[in-house]
Amino acid sequence: MAKRLPEKERREEILNACAKLYQEKGFRDITIRDISTETSFSRPSIYNYFETKEEIFLGLLTREYEMWTDELIRLAGVCAGEKVSDPARTIAGSLVGRETLLKITAMNLYEIEDHSRMERLVEFKTAFRTSMDAFDELLKAVAPGMTEERAEHVRMAFFPFLYGIYPYAFPTDKQLEAMEKTGIKWKRETICGMAEGLLRQVL
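When you number the sequence shown by the numbering used here, it's gap-free, plus one each residue, and the end is 246.
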């Protein structure tokens, strides 16, 4: 008889499978059957942990925000009491490796939230709020003496900006072709580069 994994490990296996598929397919093309095929247990077993595909994606996004929070906290600890020569670059650097977070946020968040139970949505919003708090701590570390009013201005510019950055950094071939045909100039920029540019304007 196969050994039963603890619940947290089983949830992680499902989230890992979803993350892998999301690198290969679009949100609408991924099914719970696809996710099940990438795991070690049956499709009906997934429903013991997540009621919908959207809840799986919300769980993945929650995990992404938790990882980003860890990085923000780490950077705040490194920068505390130090003179930071380039605050914009330091904060923007926290987004390295956060493509999944930014992609889900930009492409599918409304639908995911709308098709998830309130308890799952509250879990996500808690992780999001914790990231905002960690962002504030990093802001204090890299820009000591900044007023609360100014910090709120930076936060209110930065977080909405995150909702749209992914499509600008990773347009599809079809989007690029349409831009070319209509004379829209597009310059390849990294997520960190665009975030740094914004932060230089608002810090």
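Keep in mind that the hints are not guaranteed to be accurate.
[Unchecked claim] List of simulated lysine to aspartate or glutamate pairs, EDC-like, C-alpha gap at most 20 Å:
#1 K183 / E195
#2 K146 / E223
#3 K68 / E97
#4 K146 / E97
#5 K183 / D113
#6 K183 / E94
#7 K146 / E195
#8 K68 / E52
#9 K168 / D216
#10 K51 / E166
#11 K168 / D157
#12 K51 / E81
#13 K68 / E195
#14 K168 / E94
[Claimed, not checked] Here are the simulated distance ranges between beta carbons:
#15 M175 / S128: 40 to 46 Å
#16 R71 / N91: 40 to 46 Å
#17 E52 / T169: 19 to 25 Å
#18 G69 / R160: 32 to 38 Å
#19 E232 / T74: 30 to 36 Å
#20 V245 / Y92: 36 to 42 Å
No lab work stands behind these hints: they were computed from the structure.
All C-beta atoms in this analysis are idealised placements derived from N, C-alpha and C, irrespective of residue type, glycine included.
We went through each hint and held it up to the structure:
1. K183 / E195: Holds. K183 to E195 sits at ~12 Å (cutoff 20 Å).
2. K146 / E223: Outside the cut-off at roughly 23 Å; violated.
3. K68 / E97: holds (15 Å)
4. K146 / E97: holds (14 Å)
5. K183 / D113: Since the Cα atoms of K183 and D113 sit roughly 16 Å apart, the hinted pair holds (cutoff 20 Å).
6. K183 / E94: Violated - the C-alpha atoms of E94 and K183 are around 40 Å apart, more than 20 Å.
7. K146 / E195: violated (25 Å)
8. K68 / E52: violated (24 Å)
9. K168 / D216: violated (33 Å)
10. K51 / E166: Satisfied, since the Cα-Cα distance of roughly 15 Å is no more than 20 Å.
11. K168 / D157: holds (13 Å)
12. K51 / E81: holds (17 Å)
13. K68 / E195: violated (37 Å)
14. K168 / E94: Status holds; Cα separation ~18 Å.
15. M175 / S128: 40 to 46 Å: 25 Å Cβ-Cβ, so the 40 to 46 Å window is violated.
16. R71 / N91: 40 to 46 Å: Violated: the Cβ-Cβ distance is about 24 Å, outside 40 to 46 Å.
17. E52 / T169: 19 to 25 Å: Distance hint for E52, T169 holds at roughly 22 Å.
18. G69 / R160: 32 to 38 Å: violated (24 Å)
19. E232 / T74: 30 to 36 Å: holds (34 Å)
20. V245 / Y92: 36 to 42 Å: holds (40 Å)
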